[in-house]
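Quick mapping for you: the protein sequence lines, in order, are chains A and B.
So the first sequence is residues 1 to 471, counted in this note's numbering.
So the second sequence is residues 1 to 437, counted in this note's numbering.
Read the hints as simulated data drawn from the structure, not as lab findings.
One or more hints might be untrue.
Derived contacts from chain A toward chain B, CB cut-off under 8 Å, selection only [what the hints assert, rightly or not]:
(1) Thr-194
(2) Lys-390
(3) Val-466
So the derived list for chain B, only partly shown, Cβ under 8 Å to chain A, looks like this [stated by the list, open to error]:
(4) Gln-166
(5) His-365
(6) Asp-368
(7) Val-395
It should be emphasised that the depicted structure is a prediction, and the values quoted were computed from it without experimental measurement.
Beta carbons are placed, not taken as given, at the ideal position from N, Cα and C, and that holds for glycine.
What follows is each chain in one-letter form.
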Amino acid sequence: MTTSTVPFQLDQSTCEQLINHALASGGDFAEVFSEYTTAHSISYEEGKVKSASSTVVCGTGIRVFAGEATGLAYCETGDLQDLMRCAHQAGQIARNGGTPSGAQELKNVPHTQYYPVEKPISDFSIQQRIAVLEEMNRHATEADNRVQWVTAYLADSERHITVAASDGTYAQDTQPMIIVLCSVIMAEDDKRETGRSSFGRRCGMEIFDLTSPQSLAEEAVRLASFKLAADPCPAGSMPVVLAAGGAGVLVHEAVGHGLEADFNRKGVSVYADRVGELVASEHCTIVDDGTLLNNRGSINIDDEGTPTQRTVLIENGVLKGYLNDKLNARLMNMPCTGNGRRESYQVPTIPRMRVTTLEGGKHDKDEILASVKNGLYAVNFGGGSVDITKGDYNFEVQEAFLIEDGKITRPVKGATLVGNGPETLQRVTMVGTDMEIDKNAGTCGKDGQGAPVGFGTPTTLVSELVVGGTA
Amino acid sequence: MSDFELLENILSQCEARGAKAAVRMSSGQEWSTQISGGEVELHEAASSNNISIKCYLDDGRNAGVSTNDFNKDTLTRLANEAVDLAEAGAADEWQGLADAHDCGLNEIADLDDGGEHFDEEQAVQLILDAERLAKEQDKRIIASHRSGVNMHRGESWFATSNDVRQHKHSSTYSAQLVIVAEQEGEKQMGYSWTANRNFKLLRDAQTLADEAVDKAVSGYNWKQAPTGTVNVIFNNEIASQILGLVSSLSSGNAVYRGSTCWADKLGEQVAHHGVHVYDDPLIPGALGSRTSDSSGVKTKRTDIIKDGVLQCFLTDVYSARRLQQPLTAHGGGCGNVRLSPGTMSEDDLLKSLGTGFYVTGLQGHGVDPSSGHWSKGAQGFWIENGERSYPVQNVTLAGNMTEMFKNLEGIADNPRPEASTSSPSILIKNMQLGGSD
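All chains should be built: construct the whole structure from the sequences, respecting the hints.
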C-alpha cells in the first residue's frame with residue numbers, strides 16, 4: 001500500500017498543443033482535465049480482515065464548448081497520439097461553424113491549501129491500518145452483548161488532477177480523503193436493528209486526533225441500541241426541531257440542489273429567475289463553502305481549475321446567486337463560483353455543492369425546544385433527495401424524540417420526512433446559535449456522479465413537515 | 001487486445017507467488033448525446049478499459065485490485081500488491097475461486113446486436129422528436145433537461161487459475177426524456193425512458209412523449225391525502241421498485257450477516273400465497289440477462305418465492321459455501337427478477353381497491369432490510385369508487401417489509417416492459433400514510 005508516483009501529469013506545452021488542436025474546428029473554449037487516482041480499502045468483519053482492495057483510475061477528458069453545446073471525449077493512456085485524437089473528437093461539436101480561436105497563454109493558477117496532511121496514510125503499513133480496525137471491532141463487540149455483527153471499514157484515496165484551458169488556466173491539485181466507518185447489527189428477541197457511524201475528511205491519519213476507533217464503535221452501538229428500544233415514529237404533519245449538524249442534509253436537499261446553476265439557466269428549478277427575491281424566512285442565511293480546513297467537501301480548486309471560495313447563496317432570506325461552473329457562469333453572465341465538479345475524466349463537469357450550511361441564528365437550543373407544544377426532535381439523519389423542479393425533498397431520520405409540552409419525551413425510531421424546499425424555508429421560524437458541521441462521510445449523487453460533500457446547521461425549528469412514521 | 005495472453009501473464013505472476021487468481025479485462029465503447037430545446041447540448045464518445053484481479057491464498061486469504069492504467073509496470077506492481085494485501089489478511093475457509101465444474105457460459109440469443117442497427121443520426125432524431133412531440137402535445141411543457149440517448153457496447157475476458165476462460169460481449173441502448181411543465185407558476189417534472197439490447201427495439205418518440213407529458217401535467221391541483229392507514233396500489237413502474245426489495249431481503253450475503261429480516265425464513269411464508277417471484281437470467285434479449293455471474297458461474301433460472309413461501313437464498317460462491325445452500329449464480333447481483341402477473345387488468349384492480357392510494361412515484365432512502373422498516377415520500381392519486389379522485393403529493397408511506405409482502409393481495413396483468421426487475425401493478429393493504437391532519 002504505497003502511494004505510487006503519478007505517471008502522467010500533462011505539462012503545459014502538451015496541454016497547449018491539445019487545446020489548440022481541440023479548437024481547430026472553432027469552439028469558444030477548450031479544456032484538458034487529467035486525473036490519476038489511487039484508492040485503498042480494508043473491510044474487517046468477524047474479527048478479521050474480510051476483504052482488501054487497491055485501485056488505480058487514470059485518464060484525460062477533453063471538453064470543447066460551442067455556444068451552449070459541449071463536446072467531450074476521453075482516453076486512458078498518456079500517449080500523445082491518443083490524446084490528439086481525443087482533442088479532435090471533442091472539437092467536432094463545433095464543426096458546423098465558428099472561427100478557429102487560439103488559446104491564451106497558460107498560467108499557473110495560485111490557490112490556497114485547505115487540506116494540509118500531517119500524517120500521510122501511505123506512511124502507515126497495512127498492519128497499522130488493520131490495527132485501527134481491530135480496535136474498532138473490539139470496542140463494538142465488547143460494548144453490548146446484543147451485538148451480532150460488526151463491520152469496520154477504512155478507505156483512503158488520493159486524487160491528482162491537472163486542468164488546463166483556453167482561458168489560460170493551468171492548475172494542479174492533490175486531493176486526499178480518508179473515511180472510517182463502523183456498522184453494527186444488534187438483535188433482541190426477534191428484533192434486529194443496524195447502527196452506523198462514519199467520519200470522513202481530507203487529511204491523513206491525524207483523522208484519529210478528532211475521532212477514535214472507540215468513539216465510532218460506541219456511537220454505532222448506541223444508535224442500534226436506541227432503535228431497539230424506541231417506539232415507532234408517528235405519521236402526519238407536525239413541527240420538527242432539527243438537531244445541529246446532520247440536519248444540514250435538509251439544507252443540501254431543500255435549497256442547495258435547487259441553486260445549482262444548470263437547473264436555473266434552463267428554468268427548470270423552482271428557484272429560477274428569483275435572484276434578489278425573498279425566498280426564505282429572514283432567519284435563513286445559507287452559504288456554500290469550499291474553504292473549511294480538511295473538510296470532506298472542501299476543494300482547493302474545482303475540477304475546472306477555479307480556486308474555491310465561500311459563496312453566500314441566501315442572505316437573511318434573500319436569494320443572492322447560484323452555484324456556477326464556467327459554462328453556466330458564461331451563459332448566464334454571472335460570476336463563476338468554483339463549483340464545477342466531475343466524478344472523473346469520463347463524465348461532464350456540472351455545478352455541485354461543497355460544504356453547505358445554514359448559518360447560526362440567535363436562539364438558544366433549549367428555548368427552541370421549549371417553544372414547541374407537540375412535535376418531533378430529529379437528532380440523527382440519513383440520506384435524502386430532491387425533485388428540483390417542484391422543490392419537493394425528503395430525508396431520512398434515524399433517531400428522534402417526541403416533544404410534548406416543550407419537553408423531550410419518548411424516543412422514536414426512524415422515518416422519512418418530506419417537505420417542499422421554498423415552503424420549508426419560509427417555515428424556518430427559529431435558528432439556534434449552535435452551528436455545527438456534520439462529521440459523517442457524505443456523498444452527493446447527481447446525474448449518476450458521486451461527489452464528496454459536507455453540510456451543517458444549528459438547531460432549527462421548521463413549523464411544519466410531513467413525518468413518515470408507522471404509528 | 002483480443003485474446004487471453006495479457007490475463008494469463010497476470011495469472012502467472014500471482015501463481016509464482018503461491019496465489020490463485022481470477023482476472024477480468026473489460027473494454028467498453030460509449031456514445032451519448034444530450035439535447036435541450038431542439039439542439040444537441042452535450043455529445044460524448046469514448047472507449048474505456050479496466051483490469052481487475054482477485055487473488056486467493058490456499059487458506060482463503062484474499063484481496064482485489066483494479067486499474068485502467070495498462071502500463072506494464074503498473075500491472076506488475078498491482079499483481080504483487082494483490083498478493084501482498086492477501087497475505088496481510090485472514091484465513092477464511094469459504095473463500096476461493098468458483099469450482100471449475102460450476103463455471104460456464106449459457107447460450108442466450110440477442111444480448112449483443114453487434115452495433116449493426118445503431119445509427120447516430122437516428123438516435124439523436126429519436127430524442128429530438130420525443131422532445132418536440134411533448135411540447136406540441138401540451139403547451140404547458142416549457143423545457144427539457146438531461147434528455148438524451150446512450151449507447152454502450154462492452155466486451156470482457158475472464159480467466160482463472162483453475163482454467164476457466166470466458167469471453168462475453170453485450171450491447172445496451174437507452175433514451176430518456178425529462179420535461180418540465182409550468183401552470184400558473186407551478187412547475188412539475190415528467191419523465192420516460194426506454195432501454196434495449198437492440199437499438200431498433202427502443203420505444204418510439206411518441207410513446208416517450210405521451211408518458212412524460214402525462215407524468216408532468218397529471219399532478220396539477222394536487223392535495224395532501226389525510227393521515228391514516230390505507231390500502232395502496234403501486235403502478236407497475238413503482239411496483240418494480242418494491243419487487244427489487246426481494247433481492248436484498250433474500251441475499252445470501254445479507255443472510256450470514258443477519259442483516260436481513262428474512263435470514264431465518266427459508267421455507268416459510270414470507271408473502272401472500274398468490275405471490276410467485278423468480279429470477280430468469282436466460283431470457284433472450286432481456287436487459288438483465290447474463291451468461292455467467294461475476295465469478296464465472298453458469299447462470300440459471302431460480303424460483304425465489306413460490307405460493308408466498310421463500311424457496312432459496314440468492315447466493316454467490318462465498319455465501320453458498322458458507323450457508324451450505326445451493327449456488328444460484330448471483331455473484332454481481334440479479335438477472336431478470338419477475339413477479340408472476342395476475343389475470344386482472346389494472347382498472348379491475350383499482351375497482352377492487354374501492355377507496356385508497358394509487359402510487360405513481362416514490363422518493364427517499366428509508367429502507368432497512370435488517371429491521372424490515374420501510375418509509376418513503378410518495379405521490380399519486382387518491383382513489384374513490386375505483387376512480388381517480390384527486391392528485392396526491394407531499395405525503396409519506398410507511399410499513400414493514402415483512403408485512404408488506406404478506407399484505408400483497410392483488411396483482412394485475414400488466415408487467416412493466418423492458419425493466420430487468422419487472423412487476424405488474426400490485427395492491428398492498430394496510431400501509432401508513434402521513435399527510436394532512
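Right, here's what the structure says about each hint:
no., hint, verdict
1, Thr-194, "holds, 5 Å"
2, Lys-390, "holds, 6 Å"
3, Val-466, "holds, 5 Å"
4, Gln-166, "violated, 22 Å"
5, His-365, "holds, 4 Å"
6, Asp-368, "holds, 6 Å"
7, Val-395, "holds, 6 Å"
The structure shown violates just one earlier hint, number 4.
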